[in-house]
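From just these sequences and the hints, can you work out the full model?
Chains as they are written, first to last, in our numbering: chain A, 1 to 332; chain B, 1 to 326.
Simulated from the structure, these hints should not be mistaken for laboratory data.
Treat the numbers as computed from the prediction; the structure is a model and nothing was measured.
Quick reminder that beta carbons are idealized off the backbone N, C-alpha and C, glycines included.
Hints are not guaranteed to be accurate.
Stated by the list, open to error - Some chain A residues near chain B, calculated using beta-carbon distances under 10 Å: (1) Asp40; (2) Phe43; (3) Tyr56; (4) Pro57; (5) Leu145; (6) Gln158; (7) Ile176; (8) Glu177; (9) Tyr229; (10) Gln254; (11) Leu260; (12) Leu261; (13) Leu277; (14) Ile306; (15) Phe321; (16) Ser326.
Said to hold, decoys possible - Below 27 Å or equal to it, Euclidean Cα-Cα: the simulated DSS-like pairs (lysine-lysine) are: (17) A:Lys39 / B:Lys88; (18) A:Lys242 / A:Lys319; (19) B:Lys225 / B:Lys119; (20) B:Lys119 / A:Lys319; (21) A:Lys39 / B:Lys225.
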Amino acid sequence: MTAGGQENQPPAIAAGAGPRGLPQVLRGGWGRMPQPSAKDIPFIALLLGLSVLFIYPFLWLISASFKPRGQTFDNALIPHDWHWNYTGPKHPSPDPQYLFNVGPVGDWMWNSIWISLLGGILVTFSSAMVAFAFAYFRFPLRNLLFAILLGTLMLPPQVTMIPVYLLWNHIGKFTIEHSWLPHIGTGTQYPLWVPNLFGSAFYIFLQRQFFMGIPRDYFEAARMDGDSYWTMFWRIAVPLAKPALIVTFIFEVQAKWFDLLNPLIYLRDEVTFTAPLGLKTLVDRFNATGGGVGDFQVIMAGTVLIVLPMLLLFALFQKYFIQGISTQGRKG
Amino acid sequence: MASVQAVKTAPGPPGARRWLSGFRERETWVAYAFLFPWIFGFLVLTLGPMLFSLYYSFTDYGIQQIAGVEQTHTVGLENYRQLLDDPKIALTLKNTFIYTVMMVPGTIVVALGLALLLKRAGRFAGFFRTIFYLPQITPPVAVGVLVLYLFNGQIGIVNKGLSLIGIQGPYWTADPSWIKPTLAIMDVWACGGTMVILLAALYGVPQHLYEAAAMDGASAWRRFKDVTLPMISPALFFCFIILTIAALNSFAQAYTAFFGTGSAGAGQGNEAALFYAIYLFQQAFRYFDMGFASAMAWLLFAITMVVTLVNVLVSRRFVFYQGSAR
Chain A
1 MTAGGQENQP PAIAAGAGPR GLPQVLRGGW GRMPQPSAKD IPFIALLLGL
51 SVLFIYPFLW LISASFKPRG QTFDNALIPH DWHWNYTGPK HPSPDPQYLF
101 NVGPVGDWMW NSIWISLLGG ILVTFSSAMV AFAFAYFRFP LRNLLFAILL
151 GTLMLPPQVT MIPVYLLWNH IGKFTIEHSW LPHIGTGTQY PLWVPNLFGS
201 AFYIFLQRQF FMGIPRDYFE AARMDGDSYW TMFWRIAVPL AKPALIVTFI
251 FEVQAKWFDL LNPLIYLRDE VTFTAPLGLK TLVDRFNATG GGVGDFQVIM
301 AGTVLIVLPM LLLFALFQKY FIQGISTQGR KG
Chain B
1 MASVQAVKTA PGPPGARRWL SGFRERETWV AYAFLFPWIF GFLVLTLGPM
51 LFSLYYSFTD YGIQQIAGVE QTHTVGLENY RQLLDDPKIA LTLKNTFIYT
101 VMMVPGTIVV ALGLALLLKR AGRFAGFFRT IFYLPQITPP VAVGVLVLYL
151 FNGQIGIVNK GLSLIGIQGP YWTADPSWIK PTLAIMDVWA CGGTMVILLA
201 ALYGVPQHLY EAAAMDGASA WRRFKDVTLP MISPALFFCF IILTIAALNS
251 FAQAYTAFFG TGSAGAGQGN EAALFYAIYL FQQAFRYFDM GFASAMAWLL
301 FAITMVVTLV NVLVSRRFVF YQGSAR
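The structure is reproduced here in structure tokens:
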């Protein structure tokens, strides 16, 4: 088997890691939508009732974002008066504000987008390298190192948070003293994604399970052909583990998109903010307790903006979200 | 953890000789090259910071030391004594505990209920699973915003809805005794991940067990209690640990809704939502009391360890692992 020859990959590999053997509901997608039979009706009714509870906050939110100031909380599902709160002419403060005028909202969204995508890609491949090493190679100290890796899963992030911040602070001072270096450190966005270069214990654990499902014969055959270890990793292991890599990627994109704590710690300049920190800023400024005049429609529009990309990601990768979560529980 | 034992050791000469000869093999060095990102990251971003954090917890490291205008002094156990003296520590621990005991069982019960419904819904399960999962992909900051406005005592739709069925709802976000239940309710709303894990576990229960139970005349409740629950207990236990750790670290929702710069309500009402992780963040990055905050972090670490250990010990009695001697 040559390095590039994965045309005939057996389905057994995917099955070994789980997804193929799952019922439709855990594989993602909606499946066929048949006519309900009489027996189903009470269940469907109950589920529909519950669905309202789960979906109504989203409908309420989207609706509120399209209401003019003063009507934001009238709780009407269809706005009485429609109002576009996202973009518009700049007004002085007492007049109703538009979302994109109250702060560098476009920057916030873009920052979150590129940090999420970059962080996702970096952690996927750095974790894959490490996971491959744990799955394929036999080397001294392997069990000890793997035990340490699992141990770090138990460590609350708060324990390392402060020294890591101080480390970035030192790096920042150093790069300022040596002005030929780019400014890296606290106050920049580097601390948000650079750690992703070094893999992440949870993803390494997840991917290792997957790599171990690949038959060793594949790699032995590649070695016979004189392929390097890197080729074995890049041309055989990575393509065959694609589902696990996609799961890692979307989980990390989600984690970065959700993260409020790290941006709060590291970012100072409004232009560098990520979407969660931006929205938090808007809440502080326009909430009733923030001393604002109640431009709640701006907060609503901002919330819609931060929720929508996640809905899009979920719509595109639903299969991997569900599979990733459902295989996770089985490791116990 | 079980998976540690699953790693098979390589065949070859035993003990130290094999260990040493391993480093003569080319494969070993290639393996370590692949491991390098993680090993470097572990040393620089985990192990090193852990040691420094431990050191700082015995010092007065703070804003003067960061600015470099003052030496760092070791203060012995002063920071740890302050953990006992500071009344806010007891308050935040109490808040976090109350929130945890509401959020974790609530999430598991609702998630299990939904999973059972989905399993019976058969062909329509995929559609409803998607809907129930949606809150899980809502960013915590957005959840914090929803907490503020959906649950507003005067204008919120929750109280509007309750008044329709004749219940006068409380001031969820203003009444200190209702803030934690409100936050817990929003977490239960986002139970989709737990639901999927439990659903996967439900599908893992062999059908023949139910058939055998039905043959013996077991009622639906007995089948649930004596077949379903034991068989999914590993997944329940897994969710329990994960959710507990998440609850102990809970930060973003409560911080968005009840704390912040320029928030006029930085006083009274917020104390009810002052979780341990929020107070730690404030001590470290608002007051820059790094020494005290480090001591707080190690207390959190100790609590996490104790809680997990207790969970594991308790689970020995209740969790049934297939194929194990127990």
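The hints, checked one at a time:
For the restraint placing Asp40 (chain A) at the interface with chain B, the shortest Cβ-Cβ distance is roughly 7 Å, inside the 10 Å limit, so the hint holds. Among the interface hints, the one on Phe43 (chain A) holds; its C-beta lies about 5 Å from the nearest C-beta in chain B, closer than the 10 Å criterion. Below 10 Å, beta-carbon pairs count as interface contacts, and Tyr56 (chain A) has one with chain B at about 8 Å; its hint therefore holds. Evaluation of the Pro57 (chain A) hint against chain B yields a held restraint, the C-beta minimum of about 5 Å falling below 10 Å.
Interface restraint check: Leu145 (chain A) against chain B, minimum CB-CB distance 7 Å, threshold 10 Å, status holds. At its closest, the beta carbon of Gln158 (chain A) sits 4 Å from a beta carbon of chain B; the interface hint therefore holds under the 10 Å criterion. At its closest, the beta carbon of Ile176 (chain A) sits 13 Å from a beta carbon of chain B; the interface hint therefore is violated under the 10 Å criterion. Nearest Cβ of chain B to the Cβ of Glu177 (chain A): about 12 Å, over the 10 Å cut. The hint is violated.
Proximity of Tyr229 (chain A) to chain B holds as hinted, the smallest CB-CB distance being about 5 Å (cut-off 10 Å). Among the interface hints, the one on Gln254 (chain A) holds; its C-beta lies about 7 Å from the nearest C-beta in chain B, closer than the 10 Å criterion. Taking 10 Å as the C-beta contact cut-off toward chain B, the hint placing Leu260 (chain A) at the interface holds, the least distance being around 4 Å. For Leu261 (chain A), the interface hint holds, the least distance from its beta-carbon to any beta-carbon of chain B being 6 Å, beneath 10 Å.
Restraint check, Leu277 (chain A) versus chain B: the minimum CB separation of about 8 Å is within 10 Å; hint holds. Nearest Cβ of chain B to the Cβ of Ile306 (chain A): about 5 Å, under the 10 Å cut. The hint holds. A cut of 10 Å between beta carbons decides the hint on Phe321 (chain A): the least distance to chain B is about 7 Å, and the hint holds. Interface restraint check for Ser326 (chain A): the shortest CB-CB distance to chain B comes to about 4 Å, inside 10 Å, so the restraint holds.
Under the criterion of a C-alpha separation no larger than 27 Å, the hint pairing Lys39 (chain A) with Lys88 (chain B) is inconsistent with the structure, at around 56 Å. Of the pairs offered as hints, the one joining Lys242 (chain A) and Lys319 (chain A) holds, with about 13 Å between alpha carbons and a cut-off of 27 Å not exceeded. A threshold of 27 Å between alpha carbons decides the hint, and for Lys225 (chain B) with Lys119 (chain B) the separation of about 16 Å falls inside it, so the pair holds. A distance of roughly 18 Å separates the Cα atoms of Lys119 (chain B) and Lys319 (chain A); the hinted pair therefore holds under the 27 Å criterion.
Only pairs whose Cα atoms come within 27 Å are accepted, and Lys39 (chain A) paired with Lys225 (chain B) is accepted, the gap being roughly 25 Å.
Violated hints, listed in ascending order, are 7, 8 and 17; each of the other numbered hints is respected by the structure.
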